[in-house]
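**Student:** Heads up: the sequence lines are chains A and B, in that order. Counting in this note's numbering, the first sequence tops out at residue 85, every number present. Counting in this note's numbering, the second sequence tops out at residue 154, every number present.
Don't read these hints as lab results, they were simulated from the structure. Yeah, the Cβ is synthetic: ideal placement off N, Cα and C, and Gly gets one too. Take the hints with a grain of salt, since some may be wrong.
These stretches of chain A come out as covered by chain B in the derived footprint (C-beta under 8 Å, 3 or more residues) [to be verified]:
id	segment
1	12 to 20
2	61 to 70
FRET-style restraints, in silico, Cβ to Cβ [said to hold, decoys possible]:
id	chain 1	residue 1	chain 2	residue 2	range
3	A	G84	B	K62	40 to 48 Å
4	B	G58	A	D14	21 to 29 Å
5	A	E62	B	G115	31 to 39 Å
6	A	S20	B	P29	54 to 62 Å
7	B	T68	A	S55	35 to 43 Å
8	B	K100	A	T67	37 to 45 Å
9	B	T38	A	D66	41 to 49 Å
10	B	E151	A	G84	20 to 28 Å
11	B	K73	A	A39	48 to 56 Å
12	B	A39	A	D9	29 to 37 Å
13	B	P35	A	E62	52 to 60 Å
14	B	P43	A	K8	45 to 53 Å
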Amino acid sequence: MSFPDEEKDPDFSDVTSGSSSTAGAPAGETVTRTYTVVAGDSLSKIAKKIYGDASRWKEIWEANKDTVKNPDLIHPGQELKIPGA
Amino acid sequence: MKNRFVLPTLVFVAAVSLGACAKKEPPPPLPTPVPVPTAVPTPVPFKVTSVDLGKSIGDDKKIKDAATTFGPKDTIYAVVSTEGAAAKATLKARWTYGAKDKLVNEESRDIAPTGPTATTFHVAKASGWPVGKYKVEISADGTAAATKEFEVKK
């Protein structure tokens with residue numbers, strides 16, 4: 001499959017996303033959403049994408065301290081729990 | 001003297017007899033109700049029934065403007081309809097671009113459905129989507145459920 005109009009290496013780090021459901025959250029769970037890191041992401045960029053406020057990156061870090069030891073070091077493909085979203 | 005005692009005695013005996021006659025037999029106990037077996041509904045297993053793409057959603061959380069071709073500034077919605085119940089189910093949307101399936105966005109949502117549900121995922125790009133072909137793959141509890149292709153044109 002070839003796409004003649006396709007860009008060679010597009011940057012998707014400014015993509016914003018969201019989700020909602022008519023179903024409720026599982027009982028006792030506060031984190032119901034996860035986000036997968038893409039190339040160019042940082043915790044503040046993700047906070048901006050999700051909450052519209054880059055300064056809330058610490059909330060994401062707090063929810064993922066078991067897997068993210070250094071907040072400046074996240075990897076594409078890494079799944080992060082998104083609290084309160 | 002004798003009559004003074006005979007008359008009240010007769011009245012007493014008559015009263016007791018009448019009382020005894022007026023007494024009714026207690027009604028027979030009602031039969032114990034036999035429990036009627038109720039039909040237990042067969043639980044419907046949780047599954048994705050459809051995925052619809054569009055440019056906006058309505059108040060009912062359904063796609064309002066169905067589309068498979070979008071403009072660079074459009075927000076792209078994918079509404080995942082499911083049926084069945086589960087204490088916890090995870091729906092994931094993985095958006096990719098081009099022949100090499102470059103990852104655009106991936107996120108998941110945990111839900112506790114009790115019947116038919118609509119779960120919406122959306123993506124937007126302030127600087128504009130690159131033209132080309134895209135895919136969104138929906139999985140339920142880690143199992144691929146549906147893939148929808150769409151295109152962005154200028």
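**Student:** Determine for every hint whether it applies to the structure shown.
**Tutor:** Outcome of the hint check:
no.: 1; hint: 12 to 20; verdict: holds (count 8)
no.: 2; hint: 61 to 70; verdict: violated (count 0)
no.: 3; hint: A/G84 <-> B/K62: 40 to 48 Å; verdict: violated, 26 Å
no.: 4; hint: B/G58 <-> A/D14: 21 to 29 Å; verdict: holds, 27 Å
no.: 5; hint: A/E62 <-> B/G115: 31 to 39 Å; verdict: holds, 35 Å
no.: 6; hint: A/S20 <-> B/P29: 54 to 62 Å; verdict: holds, 58 Å
no.: 7; hint: B/T68 <-> A/S55: 35 to 43 Å; verdict: holds, 38 Å
no.: 8; hint: B/K100 <-> A/T67: 37 to 45 Å; verdict: violated, 27 Å
no.: 9; hint: B/T38 <-> A/D66: 41 to 49 Å; verdict: holds, 46 Å
no.: 10; hint: B/E151 <-> A/G84: 20 to 28 Å; verdict: violated, 35 Å
no.: 11; hint: B/K73 <-> A/A39: 48 to 56 Å; verdict: violated, 22 Å
no.: 12; hint: B/A39 <-> A/D9: 29 to 37 Å; verdict: violated, 60 Å
no.: 13; hint: B/P35 <-> A/E62: 52 to 60 Å; verdict: holds, 54 Å
no.: 14; hint: B/P43 <-> A/K8: 45 to 53 Å; verdict: holds, 50 Å
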